[in-house]
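Enquirer: Same order as they appear, the protein sequences are chains A and B.
Per this note's numbering, the first sequence starts with residue 1206, numbered consecutively.
Per this note's numbering, the second sequence starts with residue 1206, numbered consecutively.
Worth double-checking, as some hints may not be accurate.
In this list, chains with the same sequence are indistinguishable; a pair is considered to hold if it fits within one copy or across any two.
[To be verified] Computed list of lysine to aspartate or glutamate pairs in EDC-like fashion (alpha-carbon distance at most 16 Å, straight line):
| no. | residue 1 | residue 2 |
| --- | --- | --- |
| 1 | Lys1527 | Asp1324 |
| 2 | Lys1463 | Glu1234 |
| 3 | Lys1509 | Asp1493 |
| 4 | Lys1414 | Asp1324 |
| 5 | Lys1414 | Glu1439 |
| 6 | Lys1527 | Glu1325 |
Just so you know, these hints were derived from the structure itself, not from any lab.
Protein chains: 2
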Amino acid sequence: MAVDFLPVPGTPVEEIDTPAMIVDLDAAEANIRDMQAVVQAGGAALRPHTKTTKSPYWALKQIEAGAIGVCCAKVGEAEVLVDGGVNDILITSEIVGASKIARLAGLARRAKITVVVDDEANARDISDAAQAAGSQVGVLVDVNIRINRCGVEPGEPTTTLAKIVDGLPGVRFDGLNGYEGHIYEIGDARVPETLEALSKLQFAIADVKAAGLSVGTVSSGGTSSYDITCKVPEVTEIQAGSYIFMDGEYVDQKMPFKPALTVMTQVISRPTADRAILDVGLKSIANDYGPPRVMGTEGATFTKLSEEHGALALEGSAQDLKSGDVVHLLPSHAGTTINIHDYYFCVRGGVLEEVVEVAGRGKFR
Amino acid sequence: MAVDFLPVPGTPVEEIDTPAMIVDLDAAEANIRDMQAVVQAGGAALRPHTKTTKSPYWALKQIEAGAIGVCCAKVGEAEVLVDGGVNDILITSEIVGASKIARLAGLARRAKITVVVDDEANARDISDAAQAAGSQVGVLVDVNIRINRCGVEPGEPTTTLAKIVDGLPGVRFDGLNGYEGHIYEIGDARVPETLEALSKLQFAIADVKAAGLSVGTVSSGGTSSYDITCKVPEVTEIQAGSYIFMDGEYVDQKMPFKPALTVMTQVISRPTADRAILDVGLKSIANDYGPPRVMGTEGATFTKLSEEHGALALEGSAQDLKSGDVVHLLPSHAGTTINIHDYYFCVRGGVLEEVVEVAGRGKFR
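Chain A with its partners taken away, still in its complex shape (with noise of 0.2 Å):
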């Protein structure tokens, strides 16, 4: 079987082959404190999703610096997590089919497993996948407060799912979840945006409240509205999860992390004084939230992501760039670039700490 050549602890960050996904420890790490102290502040808990990082490894680290517990958006993730040691999961997707259900149900049998549901007849099935494993699951009923995806709509529709559920055996009524969606890129509009959303919610809390259940868990909130969301007294917990790393995107928007995962690639080709082609391409970066940016290399600039390839226009300095030389990027959207790679370098002071598994990578049923 082909094996993969990695490189032992110690190793200088620039001595690892190429492409690969470099996380500056320090970076992730301050990322981590700064969320959750932000979001203890604000009278919330932190449980931090790690549909962005799908590892353990990164899940315990948040959940030692305070959070309550994490989120995931798959079952298969879910099961990653429970065998790397994380014991208290919300998977904020619906759970649909025997298969996907019965696994669900078993997990419940080794940690606190909480789902969301929209749909009537979900909630029976995951009551009588629960009772047949003799385990039990928490349910937070989905609402749509903005995103209009998933959910059911505040009032009425909600109050009635959480009354079914409330009723069913094997599942157990915890509260609610409404995720704002994505509240970025609109400036001066992102608190009245978000506020305006989770008025939605409050109104949901309301109602499901005055209908007689208590809603001890309500869950919203993400990187680009955490800080709003916090504050809101009825929310209990928030699912930020792209804050550990920074997304490029993210960062255009100044939010208060650091960039803290880059690709780090190699110059394969130096065809003209102006052009550099680097070993990356689509199937080691992603470009759905557009080109990755050249961190570090003045001059030079990414001009061209294609299937095997990367493209570097050079100015001045950079025009010095050798073949071989290493040549760090970030990525406009950490989480699909995560999701190609196999390996965290994980790096401190320049130096190789530790190589992490993308463990829950392509676990996406």
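Add chain B to chain A, keeping to what the hints say.
Expert: Below, chain B alone, put in the same frame as chain A:
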């Protein structure tokens, strides 16, 4: 360790858990046969590019159908192919750096390995490594004929490098590589644009021959130009790859191959009469060539691909879609979609025949 729960051969396709990458074996095998026949009739050999498929399973099917070997983009992919029983591989990217070159030279002990080179120092590094390994590495000088990426210019620069390579121990000057680049979406200009690029390659060949070298191999062509390029007498082999499954984008260009790969997904939420949410997202289908399209569900239009969700707009009978129903999506770009999956689910007549690992996924070093 979290396991993958995989369906066994004989499972009906609609019972495979989603998201799942489904290959219609009859369609893929017809594509393999059809490309082989056209290229052979045109007078060239076929050396399919496996950057799309990343698996010896498909390479061996192509070789069984008459291909003389395959191409790949990375040393790690070549290692996977050799381990899987493929014994003639052209690496179409420049391979730079001591570690990768040592692996390249080592691999050449086990199989016929050829690599493209556009730089004298790189050629010398490969020569040194091959001598140290006791192997011989084939070299094609990489000529820039259209795409302005890697490669030396035709004429004097190509011939000078060819002569240097020809004089080095441990390497074998085999000929030239000249890729026209993607020539699609240009309608009537496709033939003249291809021929113009190939005229540069013809000039480069003549110039090298005039210097007294023999040019045994001329590698060129892709899925967008194979039918033109295979008839140019100097071209000995065609590197087409995408034809095996066909991208949504190529389908739009009315190429004569069958779409053979879909991502099967499942409805996880039906929040309104005209909206369905699917369990597919950017983590399981690529959008670098644009969003996927719905296959076989009349009245359903793909509207939005986000990180963990896909959204459909529904009209007419599509409004009968229920939570749990499966929907097939044709990716706009198969290569980058395969790159985020671990398995091909190979189906014939609606029944699972084989589960095949994407063994070369992530082997981009």
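Enquirer: Now tell me, hint by hint, if it's right for this structure.
Expert: These are the hints, each one checked on the structure:
1. With identical chains, the CA atoms of Lys1527 and Asp1324 are at most 16 Å apart between copies only, with a shortest distance of 11 Å across copies and 58 Å within one.
2. Taking the closest pair of Cα atoms, Lys1463 and Glu1234 come within 16 Å of each other only inside a single copy of the chain (10 Å); across copies the shortest separation is 49 Å, beyond that limit.
3. For the homomeric pair Lys1509 and Asp1493, the shortest alpha-carbon distances inside one copy (14 Å) and between copies (13 Å) are both at most 16 Å.
4. With identical chains, the CA atoms of Lys1414 and Asp1324 are never at most 16 Å apart, being 20 Å at best within one copy and 72 Å at best between copies.
5. For the homomeric pair Lys1414 and Glu1439, the shortest alpha-carbon distance inside one copy (12 Å) is at most 16 Å, but the shortest distance between copies (79 Å) is not.
6. When the C-alpha separation of Lys1527 and Glu1325 is checked against a cutoff of 16 Å, the pair qualifies only between copies, where the shortest distance is 13 Å, while the shortest distance within a copy is 61 Å.
Violated hints amount to a single one, hint 4; each of the other numbered hints is respected by the structure.
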